[in-house]
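Go by the hints and put chains X and E onto chain F.
If you want the building blocks of each chain, they are given just below.
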Amino acid sequence: MSAIAQFSPSRARVHATADPAWVRWGVTFLGVGFAAAFLALPLGVVFQEAFRHGAGGFLAPLRDTSTRSAIGLTLLVAAIVVPVNTIGGLAAAWATCRFRFPGRRLLLALIEMPLWVSPVVGGLLFMLLFGRQGWFGAWLIAHDVSIVFAAPGVVLATLFVTFPFVARCVIPQMQAQGFAEEEAAMTLGASAWRVFWKVTLPKVKWGMTYGIILCNARSMGEFGAVSVVSGYIRGQTITMPLHVEIRYNEYQTTAAFAVASLLCLLALATLLGKTWSERRLARAFRAGAEAIPAEARS
Amino acid sequence: MRFRRPRRALPGFELALAATLLWAGVLVALPFLGLAGKMATVTWEQVWASIADPRVVASYRISFGLALVAALLDVLFGGMLAWALVRYHFPGKRLVDALVDLPFALPTAVAGLALTALYAPTGLLGKPLNDLFGIQVAYTPLGVLVALVFVGFPFTVRAVQPVLADVSADLEEAAACLGATRGYVFRRVVLPALFPALLTGGALAFGRAVGEFGSVVFISGNLPFRTEITPLLIIVKLEQFDYAGAASIGSLMILVSLAILLAVRAIEERQRRRLGLGEGI
Amino acid sequence: MSIAVRSVSKNFGRFAALHDVSLEVAEGELLALLGPSGSGKTTLLRVMAGLEFPDDARGRVFFHGRDVTDQPAYQRRAGFVFQHYALFPNMTVAQNVAFGLDARPRRHRPPKAEIRARVEHLLGVVQLEGLGARFPAQLSGGQRQRVALARALAIEPSVLLLDEPFGALDAKVRKELRQWIRRFHDRTRITSVFVTHDQEEAFEIADRVVILDKGGIQQIGTAREVRGGPSTPFVTEFLGLGENI
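Protein chains in written order, with the numbering used here: chain F, 10 to 307; chain X, 1297 to 1577; chain E, 7 to 251.
Bound-form chain F, shown alone (with noise of 0.2 Å):
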């Protein structure tokens, strides 16, 4: 083994595509340093201040009745968010993909639009619209019927901020995929219904999959655009997340982190969920191209 021992590769001998290791740990040093100060910090600190008075101490508060109202009523949210933001979200993916009409890109813009917008913004364009002093303030008022500062109002602006996510995951997917076999399916007999169950709707499931994740995190965690229109009516518009803010500002940090601690486990699963979809996504993504021939290569 002499000749190898003998053997020292010269540093000017590298790869034309590889950095130096300086560039290498500099780089890496500096980007996972960057998401770890930024990113794993804040997740532990919650867990750290949930648990600063023990288990006892973070049990508590996640008994008292206005942190389950508050569950409750985030659950409900989503509960009506996810399905309506789903449904219309492929209702919309379908419409723009298989045919062509005036205004679609429009409509793809207007679609859009919600991530664009501060949820602040959002929260203040349904005050404009249900608001005291809205388009159909004296309306409601006279009919005793309240949007804002109700639960209504928590729904529509939650509707509003989570709106697009949905149809941004389904329609690239349903862009890529054709509809070959939809075409299939129909000179086969098969009716729309059928077709759409059977074959539109397994063919963009992990996009909807990946879409629905996403829609369900923000509709649970939703601040912004929820606390314009809350109004902060104990036991009635307070969400989860708009209750670690009261119980913050009431000096209740443990309680307050608790409850913070809960929407970080959801966060944690949605980005289990969204890394398995995304892969299963990728996945699906490459089936569809492998109708292109690979390139020769020796």
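The set of hints was computed from the structure by calculation and includes no laboratory data.
Mixed in with the good hints there might be a few duds.
Said to hold, decoys possible - The calculated EDC-like cross-link candidates involving lysine to aspartate or glutamate, where the alpha carbons are at most 20 Å apart (straight line), are:
1. Lys220/E / Glu243/E
2. Lys220/E / Asp61/E
3. Lys220/E / Asp26/E
4. Lys1389/X / Glu287/F
5. Lys118/E / Asp61/E
6. Lys283/F / Asp1393/X
7. Lys1389/X / Asp28/F
8. Lys181/E / Asp213/E
9. Lys220/E / Asp204/E
As the list claims (entries may be wrong) - Between beta-carbon pairs, the in silico distance windows are:
10. Gly246/E / Arg292/F: 37 to 45 Å
11. Trp202/F / Val1322/X: 23 to 31 Å
12. Ala1465/X / Phe21/E: 13 to 21 Å
13. Trp148/F / Leu1554/X: 28 to 36 Å
14. Phe21/E / Leu1554/X: 52 to 60 Å
15. Leu277/F / Gln1432/X: 55 to 63 Å
16. Leu197/F / Gly234/E: 57 to 65 Å
17. Gly1361/X / Ala46/F: 17 to 25 Å
18. Leu197/F / Arg230/E: 54 to 62 Å
19. Pro1387/X / Val154/F: 39 to 47 Å
20. Arg292/F / Pro1387/X: 21 to 29 Å
All residues carry an ideal CB built from backbone N, CA and C; glycine is no exception.
Just chains X and E, lined up with the frame of chain F:
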């Protein structure tokens, strides 16, 4: 109106379009129309009085100025992290990759609470920063910056990653064969390829930071003229039942968002055309 | 001897891409590396270019008698043409061709006017006059491949290495470009090595053909030599010679 359809029309167009229009109409178009209607009833003087109010103007410096700084930091560090994630192997890489999306998944109020606890003068990072360097983060503009960097971070990483993975090794090898050193290859070949993605990611991070509310209000302390952000002033106006003022400031923010959106679209479109991607699809 | 490769082995994980390969390319020769997928022909070409390095110290690469084994790609001045052109999409054709000259350190860099003149000249050589301001996306496959060639020639390479240079082109363009390369080589006499899996292509334009399989050289010779006396059963089968008997 005549609709151009694929040769063999698939069913369900009318139903799908009707459902979409109902959904998008009630939830998005109607609220925006409400705003437009409100603005139509407000005079220019009122609008100007609202958006040029010194306290509001001071908030632009925080919301827009710090959002810009945050976006630049996100581009720099997000670009580095994307590079490390795509090009290098290191332990825990997949964990870091998954963690990048945390700001998307974590409710903003929780993020704000956590960052405040972390950077408060008694916090894990705030205490050493305060004791050693005399830097106070929480309840200062610096704290707002921290929150804005946090919410924008995933945008730049996620914008750069796929593009970087797509930069073909052939290009870098070709440049090396032509005598270019690694640094030159980076500057002339890799960076130009990444530039649109960095810009898109930066614009998205900026757009998000401008409108951010939940994570900022906890750490900023909301001191008028110093750490107050523009969205907070919309809420203040609403609490004073000044709907016209709130609508004016909201409209301004929407216009800025739209400008960013259009700029991003234009950059993407230009790049697509130049690289000849437009014809293929 | 223009290019010499001695005892080069290269493994990728457990896959042996090259096993103790030695080869000499004569001055001014046009040599073809021919073999099926996975035979190691592209790896051998990449070792010559400095894009891969031999696994052990016995493996060496010489250009014109000079040991270049330890030199990275950017110091070797080997003109390399990629199968998929690898043109820089963000640069015009002229900027692509000028890249190798612009990349030189300041004291070796020709003045701007000279670079421009050299680019014009090279575009003329590859018959792409007047297309300097276009972007690669606006060119056809055959034109792109000629830009890639001009770009490689701009650095006045000591050798020219071409990886499946016709692989991504359609049949007609392929035939034309192949003839053109042969005539071009007759004019310039730059020592050239090209990789192909198409034997017709190899025998039609190369002075000598190297047949590889499973990381080893099976036979080296002119078209007549190889076809007249295949040295191994693999060569007989690969060239389809058995069927004619």
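Mind checking the hinted window 54 to 62 Å against the Cβ distance between leucine 197/F and arginine 230/E?
About 60 Å separates the Cβ atoms of leucine 197/F and arginine 230/E, which means 54 to 62 Å holds.
Using the beta carbons of leucine 197/F and glycine 234/E, state whether their distance is inside 57 to 65 Å or not.
59 Å, holds
Does the Cβ distance between tryptophan 202/F and valine 1322/X fall inside 23 to 31 Å?
For tryptophan 202/F and valine 1322/X the Cβ distance comes to about 25 Å; the hint holds.
Holds or violated: are the alpha carbons of lysine 1389/X and glutamate 287/F at most 20 Å from each other?
16 Å, holds
Does lysine 181/E pair with aspartate 213/E here, judged by a C-alpha cut-off of 20 Å?
17 Å, holds
Under the criterion that the straight-line Cα-Cα distance not exceed 20 Å, is the pair lysine 220/E, aspartate 26/E satisfied?
Since the Cα atoms of lysine 220/E and aspartate 26/E sit roughly 11 Å apart, the hinted pair holds (cutoff 20 Å).
Look at the Cβ atoms of arginine 292/F and proline 1387/X and judge whether their distance stays inside 21 to 29 Å.
25 Å, holds
Pair hint outcome, lysine 283/F versus aspartate 1393/X [Cα-Cα no greater than 20 Å]
Distance of about 12 Å is within 20 Å: holds.
Just to be careful, I want the Cα atoms of lysine 118/E and aspartate 61/E compared with a cutoff of 20 Å; is the pair within it?
Not OK: lysine 118/E and aspartate 61/E at ~41 Å, beyond 20 Å, violated.
Given the hint of 52 to 60 Å, is the C-beta distance from phenylalanine 21/E to leucine 1554/X inside that range or not?
Given range 52 to 60 Å: holds, Cβ gap about 54 Å.
Can the suggested window of 13 to 21 Å be confirmed for the beta-carbon pair alanine 1465/X and phenylalanine 21/E?
Check passed, 18 Å falls within 13 to 21 Å.
Using the beta carbons of glycine 1361/X and alanine 46/F, state whether their distance is inside 17 to 25 Å or not.
Since the Cβ atoms of glycine 1361/X and alanine 46/F sit about 23 Å apart, the hinted range of 17 to 25 Å holds.
Consistency note: the structure conflicts with the earlier hints numbered 5, 15 and 19.
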